[in-house]
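Engineer: Sequence:
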Amino acid sequence: MTRSKKGISRERIEALSEFQAKIGIRFKNLALLNTALSHKSYVNELEENLENNEKLEFLGDAFLGMVISDTLYNQKLYFKEGSLARIKSYVVSESTLNRVGREMGIEKYILLGKGEEKSGGRSRTSLIGDGVEAVLGAYYLDAGFKQARRLVDRYFLKEILWVEENKHEKDYKSILQEYTQKKHKTVPRYRVMNTEGPDHKRKFYVNVYVQDRTFGPGVGESKKKAEQGAAEAALSKLRKKGLRDPNIERVTEPGKKRQRAGGFVRKGKRSKNSRTDAHP
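Using this note's numbering, read the sequence shown as starting at 389 and increasing by one per residue.
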């Protein structure tokens, strides 16, 4: 395998160039992008003392959160502060990062150790999401705030729209717990009914109990996902008005008609009546 002057193989340079072209960016320092796509399992198997992507992931997580918060603050929609926090939590969640990562095709370019590769790490949700955050952190360092924000906008603005229009993947467990506490003065109980498959490809079956009623099973590759499925099944039976998150509450400005969310996300302007946002 031939090496370039930067210590990155020519084959790897070609792969990194392909990835950049796919997501519409260009790094000045290609080694920084390579680090962003170097999982700790890969670095730990090398004799060289190289850096993995964890510090860049930390930076990218903070940068993404700040950009999303700024975007939500500057909308001309009226959401309570708690609702803004809830929207943000969905937009920067592990499931959203995984979806964005797969849209980027990032899993193809992450360097993994042999053990991690064999155990199915390349398709692991958390690993893909961490890679997205690391790339965002690296691009912020390489290209600066303005260009890095454009990258965030390209992949995450639609995620904000989906949440505001109630089309997002919801945290059904939280919604169910809040619903049952308010309606029945109790909390749901979850129980794993069965598991199937080898450790690296396990499938969980979970039921949820609300008072004397049983719902499920929810099925997933992790206990957490199976619980979400069980909670969704329970909500579909318990609630008649759909599955809107009760913690995302839009406040309409007095005397004005409610307007479509998508009309404002891209404008980047704060409402002239911002006090309505702070004190609904």
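Rather than coming from a laboratory, the hints here were simulated on the basis of the structure.
Be a bit skeptical, because a hint or two may be false.
Claimed, not checked - Computed list of lysine-lysine pairs in DSS-like fashion (alpha-carbon distance at most 25 Å, straight line):
hint : residue 1 : residue 2
1    : K496      : K589
2    : K589      : K468
3    : K496      : K506
4    : K506      : K625
5    : K611      : K558
6    : K496      : K573
7    : K506      : K416
8    : K558      : K591
9    : K506      : K613
Claimed, not checked - Label pairs and their in silico Cβ distance ranges:
hint : residue 1 : residue 2 : range
10   : N582      : S405      : 45 to 53 Å
11   : E399      : K571      : 30 to 38 Å
12   : S457      : P586      : 19 to 27 Å
13   : K625      : E402      : 20 to 28 Å
14   : K573      : E439      : 49 to 57 Å
15   : K416      : D458      : 19 to 27 Å
16   : R542      : F446      : 33 to 41 Å
17   : F533      : T574      : 46 to 54 Å
18   : N582      : L545      : 35 to 43 Å
Predicted model, so just to flag it, every value in this text is computed and none were measured.
All C-beta atoms in this analysis are idealised placements derived from N, C-alpha and C, irrespective of residue type, glycine included.
Engineer: Hint by hint, say whether it matches the structure.
Structural biologist: Against the structure, the hints come out as follows:
A threshold of 25 Å between alpha carbons decides the hint, and for K496 with K589 the separation of about 20 Å falls inside it, so the pair holds. Taking the CA atoms of K589 and K468, the gap is near 41 Å; set against the 25 Å cutoff, the hint is violated. A hinted pair counts as satisfied when its Cα atoms are at most 25 Å apart, and K496 with K506 qualifies at roughly 15 Å. As the CA atoms of K506 and K625 are separated by approximately 40 Å, the hinted pair breaks the 25 Å bound.
Restraint check for K611 and K558: satisfied, since their Cα atoms lie roughly 16 Å apart, inside the 25 Å limit. With a C-alpha separation of about 47 Å, the suggested pair K496 and K573 falls outside the 25 Å cut-off, and the hint is violated. The suggested pairing of K506 with K416 is violated, with an alpha-carbon distance near 33 Å, which exceeds 25 Å. At most 25 Å may separate the alpha-carbon atoms for a hinted pair to count; K558 and K591 meet this at roughly 21 Å.
Distance restraint check for K506 and K613: the Cα-Cα separation of roughly 22 Å lies within the 25 Å cut-off, and the hinted pair is therefore satisfied. Between N582 and S405 the Cβ separation comes to about 47 Å, which falls inside the hinted range of 45 to 53 Å. For E399 paired with K571, a C-beta distance near 59 Å fails the hint of 30 to 38 Å. Separation of S457 from P586 is about 41 Å and departs from the stated range, judged on CB atoms against 19 to 27 Å.
The hint said 20 to 28 Å for the Cβ distance between K625 and E402, and at roughly 53 Å that hint is violated. About 52 Å separates the C-beta atoms of K573 and E439, a value consistent with the hinted range of 49 to 57 Å. At about 25 Å, the CB distance of K416 to D458 agrees with the hint of 19 to 27 Å. Here the CB-CB span from R542 to F446 is close to 22 Å, at odds with the stated 33 to 41 Å.
Here the CB-CB span from F533 to T574 is close to 48 Å, well matched to the stated 46 to 54 Å. At roughly 41 Å, the beta carbons of N582 and L545 sit within the given window of 35 to 43 Å.
Checked against the numbered hints above, the structure breaks hints 2, 4, 6, 7, 11, 12, 13 and 16 and satisfies the rest.
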